[in-house]
Amino acid sequence: MSIINLFFYMKKLFLLLMILGGIFLFMQNVLADDSLKININTADVGTLDLLLPGIGAVKAQAIIDYRELNGPFETIEEIMDVSGIGQVTFDGLKDLITVGDNEQSPPEADQPSAGTINNEQESEPPPVQNNIEIIQSEPELLGYDIGSVVINEFVSDPADGEVEFLELYNTTIYSIDLSGWWIEDGSVRKSILGGTTLANGFFVLEKPKGNLNNTGDIIKLFDPAGGLIDQMSYGNWDDGNKNDNAPKADDPLATARVYDGQDTDKDDVDFALTQEITKGKPNVIYVEGEIGVSESKTQNNQTTTTAFLISTSTKKVVVESEVKELVKIGDVKIIITEILPNPAGSDTTEMIELYNPTEEDFNLYGLKLDDEDGGSSPYKFPKDTIIKAGEYLVFGKWETKIALNNDMDSARLLAGDNAIIDEIDYSSVTEGAGFARNDSNQWTWTTKITPGAKNSFSAPALTAVAGVKYSATVETGLAELRDRAVGSRVKTKGVVTVLPGVFGTQYFYISNQDGGAQIYMYSKDFPELAIGDEVEVAGEISEAYGETRIKIKNKEDIKVVGKSEPEVIALKISEIDEKYEGSFLRIEGEVTEKKSSYIYLDDGAEEIKVSFKENANIDSSSFETGDRIAVKGILIERSAGYQLLPRSSEDIELLNTAGEGEAVAEASQTDTAEKYLIATAGGLTSILIGLSVKARGFFVVRFIKKLGAVVLAFVKRG
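Just so you know, we're using this note's numbering here: the sequence shown kicks off at 554 and counts up by one.
Treat the hints as calculated values from the structure; they're not laboratory data.
By construction, the Cβ of each residue, glycine as well, lies at the ideal position given by its N, Cα and C atoms.
One or more hints might be untrue.
Said to hold, decoys possible - When the alpha-carbon atoms are kept at most 20 angstroms apart in a straight line, the in silico EDC-like pairs for lysine to aspartate or glutamate are as follows:
id, residue 1, residue 2
1, LYS760, ASP926
2, LYS1132, GLU1146
3, LYS1007, ASP926
4, LYS954, ASP914
5, LYS760, ASP797
6, LYS1108, GLU1089
7, LYS1046, GLU944
As the list claims (entries may be wrong) - Taking CB as the label site, the calculated pair distances span:
id, residue 1, residue 2, range
8, ASP803, ALA972, 39 to 49 angstroms
9, GLY1115, TYR727, 50 to 60 angstroms
10, ASP698, LEU603, 39 to 49 angstroms
With the hints as extra help, turn the sequences into a complete structure.
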């Protein structure tokens, strides 16, 4: 090695040591002083986004939402409970954050109300209260009506990568301030709901305190005055009567009200299991296949089995031990009292209600339910299915598989020889309305659905306008589908991008450069399809989880008219909006977090969740956190934001690994870096010494990290 080369490398080494020495002194002061760290209990979205590595705008907002729902973070490790933040992200920021002093103090009388932001405070903003303290400015604090807000859906045994949650539903027409409300489980742990105003609709609480037991629990909702507004029990929780508990939901199911906000005070009637988890959206009751979820009980020396999977009725039991035949078939007095042929949204909650007007229990075994002759297959009641005297029994589509037509049809109760016991015909269906028998034995449409309870009728009666049906079929492009009203009949064309069975057995996707859409059929009787088939689809506009889709009745509604390669739309994440829902997209970015069922992809400006459906069989071993990849898939919207669903491993392309990215960055350095480093080394050292006394602002930390990368590249060069 020549003297010149030796001098050249010594110069670089000296420069690097001088800079690193300054950084070392500076970081000693920074890391020793919590006042220089980011307080995740008080920082706003902009601060979290700008100053914390691996935290973009989406995760920053998620941090804010989490602490508003659950109170202040008690430890920095708790930030990993926030959706989208895992161990890898935490390791990159744990030395830069603090929870500060979140010791609770009573709120000042003049402090801002919950949910407001005061940017003019001279000191730390008041911490979120963990304990309920009722401050009464009036002589008496007014409470809320029982049932004004109800527990509507929950997941106690979440799938991998998901979290427990509770969904509330405001049944009133008024907005309700949830400040001071709390939820309590069987362990008496409280989850505070402060800072949110709930209009008529849904509110979601993730990760409730204490955790919901998988086998059974009780959930209570209290208003600020301590009034019990709603409660429900599920599984094996003993609240004094286990027999009317709601079913427990094992992974991947949720427990949800059959009808949003409907509360008969009978949990086994109001709640059912569903595979369609609709957090913050209208409930959809759907279970695919036979899932063995049941509970055996012994009562009055009889062993009974309640099939939670299919039962949403009162006391519907299958008696396994000896039971006498209570009433002979020829003496049947059971009647049909209510039907729901066209529920709002999904048709999976269609139902037929029976009533026993007699004073004796009745065994339904040997009878059948059916729609119009030649329609669905009859449903035969299981052996010794009992309807109690004076009680109602509900049989849903999820159990009977009877599909009631939306235009005209009939519901029939039949004897074993198909003799008609009771029958009701209907037409001119109104979406979301039930057809019910009144006390005068007359049938009328009503918007008050009362499954398992005495019928109630809306007043005033439904008008002709409310009963409009969209019968004319309009040809429209995929881009215009979302402009059409729910219930409209449409015909459109697109190319098959996802086959039935990949994301779900009841739907597939079509798309083109204009947009995309889900094609849904309850019966799953699709024709033979292939990726690239150009199809013409005729059906009805519907909506599920906020996603517009076309609902069809049978495979004749689909016609293959040609063949064409699916066209993929390349987008930046920031360009994604509603018009691209259902479309076939391509997104590039860096993997910032990796789980078994999803990853987060960051393109430098925004990030998006990429979810892996089970039947897509995604092999995620080909990439790691830090790698840059391109993902093709279908865009969907969920309550937490947009997601991209790849169809298979072939939709994921590795662009370069984390190491390759560093090599590219090193290769891009030029002699300019050396010149700037030499010119600024002395000044930088002086600045670092000054900052080490008392630094203000973590922008310095991020600047030093970037500078260090440049210095290392500079030293390696040559």
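Going through the hints against the structure:
With a CA separation close to 49 angstroms, the supplied pair LYS760 and ASP926 exceeds the 20 angstroms bound. Distance check on the hinted pair: LYS1132 and GLU1146 sit about 27 angstroms apart at the alpha-carbon level, beyond 20 angstroms; violated. Our distance criterion of 20 angstroms between C-alpha atoms is broken by LYS1007 and ASP926, whose separation comes to about 28 angstroms. With a C-alpha separation of about 26 angstroms, the suggested pairing of LYS954 with ASP914 is violated against the 20 angstroms cut-off.
Straight-line distance between C-alpha atoms of LYS760 and ASP797 comes to about 26 angstroms, which puts the hinted pair past the 20 angstroms bound. Of the pairs offered as hints, the one joining LYS1108 and GLU1089 holds, with about 11 angstroms between alpha carbons and a cut-off of 20 angstroms not exceeded. Restraint check for LYS1046 and GLU944: not satisfied, since their Cα atoms lie roughly 49 angstroms apart, outside the 20 angstroms limit. Against the hinted window of 39 to 49 angstroms, the Cβ-Cβ separation of ASP803 and ALA972 comes to about 41 angstroms, which satisfies the hint.
As the Cβ distance of GLY1115 to TYR727 is approximately 53 angstroms, the hint placing it in 50 to 60 angstroms holds. At roughly 45 angstroms, the beta carbons of ASP698 and LEU603 sit within the given window of 39 to 49 angstroms.
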